[in-house]
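With the hints as your guide, set chain B onto chain A.
Same order as they appear, the protein sequences are chains A and B. Counting from -10, one number per residue, gives the positions in the first sequence under our numbering. Counting from 8, one number per residue, gives the positions in the second sequence under our numbering.
Worth flagging that the hints you see were computed from the coordinates, not collected in a lab. One should not assume that every hint holds.
[Stated by the list, open to error] Derived lysine to any residue pairs resembling SDA-like cross-links, with alpha carbons at most 20 Å apart:
| id | chain 1 | residue 1 | chain 2 | residue 2 |
| --- | --- | --- | --- | --- |
| 1 | B | Lys142 | A | Phe30 |
| 2 | A | Lys146 | A | Val132 |
| 3 | A | Lys176 | B | His156 |
| 4 | B | Lys199 | B | Phe117 |
[Stated by the list, open to error] Each pair of labels, with its calculated beta carbon distance range:
| id | chain 1 | residue 1 | chain 2 | residue 2 | range |
| --- | --- | --- | --- | --- | --- |
| 5 | A | Ile149 | B | Asn176 | 51 to 59 Å |
| 6 | A | Ser181 | B | Asn176 | 17 to 25 Å |
| 7 | A | Ile140 | B | Leu74 | 15 to 23 Å |
| 8 | A | Ser181 | B | Gly42 | 49 to 57 Å |
| 9 | B | Lys142 | A | Phe156 | 31 to 39 Å |
| 10 | A | Asn145 | B | Thr103 | 30 to 38 Å |
| 11 | A | Asn145 | B | Arg118 | 34 to 42 Å |
| 12 | A | Trp120 | B | Ala213 | 45 to 53 Å |
| 13 | A | Ile153 | B | Leu15 | 32 to 40 Å |
[What the hints assert, rightly or not] Some but not every residue of chain B turned toward chain A, in silico, with C-beta under 10 Å:
| id | residue |
| --- | --- |
| 14 | Leu57 |
| 15 | Ala78 |
| 16 | Glu179 |
From the three backbone atoms N, C-alpha and C, an ideal C-beta is built for every residue, glycine too.
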Amino acid sequence: MDNKTQADTNRNHQSKWTLRNIILIALIAIFTGIIFWGAGFLYTALTVALTPIGGAPFANDLLMGLWCMAGPLTGFVVRTFGSAFVGEFLGAAVEVFLGGQWGAGAFISGIVQGIGSELGFTFTGYKRYDWVSLNASIFTTVVVTFAWDMIKNGYNKFGIPLLIALFITRYISTFIFGGVLTKMIVKLLDRSNAFSL
Amino acid sequence: MNPGLKLLLVMAIALEISFTQSLIVNIILVVVSFGYILIQRVSLKALLGLIFWPLFPAIGLFVSQWLYGSAGIHFAWILFTRIYAYVFLGATFTLTSSITDLALTLEQDFRLPSKFAYGVLAAFNLMPKINEEVKIIKTSALMRGEALHFWSPKLYFKAILSSIQWSQNLAEAMTSHGFVEDQERTHYRVIKITGLDWFWFIGLFACVQGLLFFIRY
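Same shape as in the complex, but just chain A:
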């Protein structure tokens, strides 16, 4: 990312919770929700492929980054407290209403993932919107969602080697989708001056 122009746009860009921004966050969340919905077969296919060797949790962790993309995206577009959380939560809610495989669990996952995304921006004080804050958000997302899966999906009953493998898988996935891909999207938005619209 071109740091200089990035810094300039950052300074001029602080968002508020206006009606327009709320609609914007919801729309982005729905868009990403629908795009992942199209990739839903991937999860099922991966799960089917990995189940015979007992590796189904890896399907979950491989795709975790994809499910956690709405948070960083809305956090970057609407730069204010809570936008990443609301975006991520609504993204999960979309899946529920489309009739996802997770039912009520997705609402709670949405809250957990939202807190994860949001914390990264909180730690950087909603001041910087760059590679550092994005990485902070990735880190908090991975840690928070993993802690949740320890309880919800019974990861706490697995041995340490398997846990480490799952954690690394999740980190890579979140880094690629929540980090690299988000950064590329933000760069495109930056170049088109979309942030000042």
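Relative to the frame of chain A, chain B by itself:
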């Protein structure tokens, strides 16, 4: 039942069974929710989908826990039934409540600021149009010989540009229809939480507490 309270109840129970480990309570929740859905006369296709699709993650979790977990097969069954409990609990809400009613009750009874309730509702009502838009973006890229996938930054970029434009239009449209942010509103359709709603909410929640307390298996 009031959709806001129903959502709260469903989420509270789902959260609770994530932390507790009772196979029988999970099964009871599945059976009761399933019965409730049956009474509501949902389509057979939706019902079969509810049973079929969660089978993959449920079996996946079951097998991995069975092979590598330290807690044995009983815990594997808990995870299996937990998935179904989530799905059927969620379905009791999504198959029987409308998003509009939820937004109205969240605004009127749960004191959610009206700009959130109506803003998110406006966006959700565009869902079919958003579905179309994703197809349009993909098709127009194909015409230029470019295939966009879920990992293509351009797909999201264009989706966000559409979102920016639509959000502006929607917000202006709402303003021109007399919507004022942070202003007290009167309501054409009043949704109240009745005594009966509270009775069901507290009663069902208490039932689950009782079950979880007494049935530990």
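Going through the hints against the structure:
At most 20 Å may separate the alpha-carbon atoms for a hinted pair to count; Lys142/B and Phe30/A meet this at roughly 17 Å. Proposed proximity of Lys146/A and Val132/A is supported: the alpha carbons are some 17 Å apart, at most 20 Å. Distance check on the hinted pair: Lys176/A and His156/B sit about 18 Å apart at the alpha-carbon level, within 20 Å; holds. Of the supplied pair hints, the one linking Lys199/B and Phe117/B holds, its CA atoms being roughly 10 Å apart against a limit of 20 Å.
Checked against the given bound of 51 to 59 Å, the beta carbons of Ile149/A and Asn176/B, roughly 53 Å apart, stay inside it. The hint said 17 to 25 Å for the Cβ distance between Ser181/A and Asn176/B, and at roughly 19 Å that hint holds. Distance hint check: the CB atoms of Ile140/A and Leu74/B are about 20 Å apart, consistent with the given range 15 to 23 Å. Against the hinted window of 49 to 57 Å, the Cβ-Cβ separation of Ser181/A and Gly42/B comes to about 53 Å, which satisfies the hint.
Look at Lys142/B against Phe156/A: about 37 Å separates their beta carbons, and that is inside 31 to 39 Å. The given range of 30 to 38 Å is respected by Asn145/A and Thr103/B, whose C-beta atoms sit roughly 34 Å from each other. For Asn145/A and Arg118/B, the Cβ-Cβ distance of about 37 Å falls inside the hinted range of 34 to 42 Å, so the restraint holds. A hinted range of 45 to 53 Å for the beta carbons of Trp120/A and Ala213/B is consistent with their spacing of about 50 Å.
At roughly 37 Å, the beta carbons of Ile153/A and Leu15/B sit within the given window of 32 to 40 Å. Given hint, Leu57/B at the interface with chain A, holds; its Cβ is 8 Å from that chain's nearest Cβ, closer than 10 Å. Of the supplied interface hints, the one on Ala78/B holds, with its beta-carbon coming within about 4 Å of a beta-carbon of chain A, less than 10 Å. Annotation: Glu179/B was flagged as interfacial toward chain A, and the flag holds, the nearest CB pair being 8 Å apart, inside 10 Å.
Checked against the numbered hints given earlier, the structure satisfies every one of them.
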